[in-house]
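Q: Next come the chains, spelled out residue by residue.
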Amino acid sequence: MEQHQRKNEVLPGTLNLMVLKTLSTLGSLHGYGIARRIEQISGNLLQLNQGTIYPALLSLEQMGWISSKWGVSENNRRAKYYSITRPGRKQLAAEEENWRRTSEIMIRFLEPSEGA
Amino acid sequence: MTRLRIFFHRLLGLFLKRKLERELEEEIRSHLEMQIEDNLRQGMSLEDSRRAARLKFGGVEQVKEAYRDKSRLGWIESLWQDLRYGARALLRRPIFTLAIILTLALGIGANTAIFSVFNGIVLKPLPYKDPNRLVNVRRSDKRGIRYQPGTESSFGNISPGGFHDWRERSQSFESLSAHRYNSTILSDANSTTQRTMYVGGLRVATRFFETYGVNAQLGRTFTDQDYSPEAPKVVIISHDLWRYHYGADSQIIGRTVLIDGLPHTVVGVMPPGFWLAKWPSRIWIPYFFSAEEKATRKGGGWNVVARLRPGVSFDQAQNEMDLIAAQLEADYPENNRNKGIVLVPSSADLTMSLGGFERLFLLLLCAVGLVLLIACVNVANLLLVRAAEREREFALRAVLGASRGRLLRQLLTESLLLAALGGGLGLLLGANGMRAATALLSGVPRLDELRFDWHAFAFTAAVSLAAGLLFGLVPAIRAARPDLQEALKEGGRGAAASRRVRRMGNLLVVGEVALAMPLLVGAGLIVQSFIRLQLIDLGFAPSRLLTINVNVPDYKYGRNTGASRPGSQEFVTRIKLYREVEERLNGLPGVESAAVSDRLPVEHGPEPTGISIDGRAPVADEFEDCAELRQNGLPCHGAVGVNRVSKDYFRTVGMRLIRGRLFDERDTADTPDVVLINETAARKYWPDEDPVGKSFTLNFSSWFPKAEIIGVVSDIKTNELNMPLYPEIYRPDSQLPSDDCFLIIRTKAAPEMLAAAVREEMGRIDRDIPWGAARTMEGVIAGTLWRARLSVWLFGLFAALAAALAAAGLYGVMSYAVSQRRQELGLRMALGAEAGDVMRLVVGEGIKLTFVGLALGLIAAFALSRFIVSQLFWVAATDPLTYAGAAMLLAMVALIACYLPAQRAAKVDPLRALRHE
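Sequence lines, in order, name chains A and B. Position 31 of the first sequence, counted from 1, bears residue number 139 in the numbering used here, the numbering being contiguous throughout. Position 908 of the second sequence, counted from 1, bears residue number 1689 in the numbering used here, the numbering being contiguous throughout.
Only chain A is shown next, with the shape it has when bound in the complex (with noise of 0.2 Å):
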């Protein structure tokens, strides 16, 4: 896979998105560790501020798609986690479905037809 040296801005309410999804899969994690996962997974290919993840998770949190607990980190450390609730779950199901069909027509429309 060819690495592009220009990295995609964070289209807004993606962020969000990506937040959720993450949750969903790894369950509860603090601020920095969302952060990580999130560069990982799109492998670099995403111009990302860490820091913008904070406004994000207090947007999250105040609609009540995520709630959060102080704790102790790995090492030792004190840290907020975060986890998805019922209502982000279901929120992330219907963005999902979005995201999926909106795709979909993308690409429909912007390979080159084939055939009727």
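Treat the hints loosely; a few may be bogus.
Here are the simulated lysine-lysine pairs, BS3-like style, with alpha carbons at most 30 Å apart [to be verified]:
hint, chain 1, residue 1, chain 2, residue 2
1, A, K198, B, K851
2, A, K188, A, K198
3, B, K1014, B, K1075
4, B, K851, B, K798
5, B, K1529, B, K1498
6, B, K851, A, K129
7, B, K800, A, K129
8, B, K1337, B, K1357
9, B, K798, A, K177
10, B, K1357, B, K1428
11, B, K1337, B, K1428
12, B, K1498, B, K1465
13, A, K177, B, K845
14, B, K837, A, K129
15, B, K845, A, K188
16, B, K1428, B, K1529
17, A, K188, B, K800
18, A, K188, A, K177
19, B, K800, B, K845
20, B, K837, A, K188
21, B, K837, A, K177
22, B, K1475, B, K1357
23, A, K188, B, K851
24, B, K1075, B, K1120
25, A, K198, A, K129
26, A, K177, B, K851
27, B, K800, B, K851
28, A, K129, B, K845
29, B, K1075, B, K1337
30, B, K798, B, K845
31, B, K1498, B, K1487
32, B, K1079, B, K1337
33, A, K188, B, K798
34, B, K1465, B, K1487
35, B, K1487, B, K1079
36, B, K1014, B, K1079
37, B, K800, A, K177
38, B, K1475, B, K1428
Keep in mind the hints are simulated off the structure, nothing from the lab. Please read these numbers as outputs of a predicted model, since none were measured by experiment.
Using the hints provided, position chain B relative to the given structure of chain A.
A: Coordinates of chain B only, in the frame set by chain A:
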């Protein structure tokens, strides 16, 4: 739903600011440390690790900002900021701010209070259905007459037979009913102690409540069953009776009360406000007309009210009644000869006709309006001045980057802050003002219906606040214009602009002073009037006089039907009663002298009764109240007031005997009728002769007491204080007793102390006699002056307000002028002017303005003077002394207002002022 969650989170965030910040700090620190560790593990050096971590994280401050924005409600914060800044700005000039707030509050509060009272008592119509379809049906002594406004009193009421005739024959009305007013004695069925009360009652014919279109609030109105003679007796009571006498008892329906000694069951309570202005009744009783009564077409007594049928106009109905009148004349000539039927719209009954009261209120309303106007002008003035002073501040802020919108928002917030404070205070003042007004107006009907009038408040508030906002924003709009250079140079004021502002301010001040003058003059006139009223010679000493009014129950002592003659039961019982009362009261310790009288001095109207002087030729003039004299062929020579008094009356009140003798034991029902007259009567009717020994006949019921004058007594004021003396005659109650009476007692000590003892004694004489209020004579006199007192109080208040406001306005304008002219004054002082000269200069300006205002104000006061004449007594509305006094007072106030800024001007350090380029 989510939006609501977000909102609440953010709201909470406002209060948990510090905690959230701390937590974020910790999180970020944690994050960075973890990243650094990872970097270290990957083999980077400590420094590189740190740098890489920070790079990857991004801008910490930006993250914090973004977080902050999301964690709280941004707009609330900037609003709060604006408010704080605004408050600080307002506090920097506390006097100004206070002046504006007070002005707004006073204008709004006073206006609202007065208007609420006016609305509640006078304007608001009583709760009848379609009141303009209601008419009173009256009898007139000439056929073909139509109603004209003001002629109500020339028509009369109708006999029971006549009522039924009208009812049967008319087609124009949906329903017709009738009522008769009399006073009744109400007591509790089960009490052995006295809980008796004297109340006004209406006996009503069928369909009374339906005609008025009012339903009972509790229970029911009368049905046809209630009107049969065998039906159980029922009564409906008024709302205020239920509330105050029966304590809003929820079990009132079905309760038994005694009306004139007979048990009645309460079946309904009327809603508040149901009453007729002319016949204030608190109970309603169904009246059954016997067959005889229905055939009685003689006499009167019944007031008929009707509701027009839908589609029938007033004139159509009147035409029908004319036809009916003609029919009745043909059918019953001896009763209905030339009698007509007139329809009178019921509106006079249905709203409060308060006589002179109305005029007073209108005057007050105008006064308040004037004050409101002055208040608005003042607010405008003050704001304008303040704005001009702040031009520099705003220019500076604009230069430093504040957008026009921001500046406008800032000023708007300030104005709103002022408006809110002023309005809030105004609300408080208004509500309290209403309470004070109700206290002052005790005795005026419909008082319990007074509610704080929100419409008035809203209107007044809107007007004042609009003025405030307008003049608050004008400078904002100007300041936001990019004429910054102009604003910033030359000591911070553009010359042309400031001149304009000065001129505006001057105009406004002149206006305020001019508006305040009529109020001051009015107050001065009213105060003088009041003082003169109080200094009137009463003809007797009012101190230590106790009065108690006594209602002798008709059901026990007999009713005076007009056919009473000496020897009638009702006369005999009363004569005996009054004699006993006088004797026993005179024997009480602490009583100097006691008497019985049918009228109280000062309180009564003249109530003229015609007299026919024996042996005198008829005169050309027409007099009223001579109908019965004329019917019996006696010439009418004039009218007098009739008093029926016990023999100790004159001694008790303190009247002097001028000639002849007073009443004594000799004058009884069996001896010839005697009478005493007062000096005014003697002078008027027997100017050149000795009245003692002469006799005359009174126009008094169907029996003519011709009485001989046995003496002349001194004059006392029987009518209201501002009315002239009236010819009065006195008949002894041992020959002509009254139905009810007043006890008048001259006490040795304070009169109030004796009231209980007197009542006890009366209770021993007869337990069934109910009580009216016990009042001192001084209290009675003060009571008649309540209207004058109210005027004085209110007008004085408004005048003071107006003067204060004008002074405040003047102060504002002068302050501004001084601050504008700092350099000029500094220059003058540097060139040798003394402090005194500077002061004189400044004050001189102020005086000039004041004089112009005063001159205009005097003209205005003069022009408006005729409106106040109705409230004045023995003071001309153009009394020059008052005008001069008011002008001087206002001038002095203005002088003080100018003095303070002038002093400030004189203290200006010339060097500093000059340096203020």
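Q: Determine which of the earlier numbered hints do not hold for this structure and return their numbers in increasing order.
A: none
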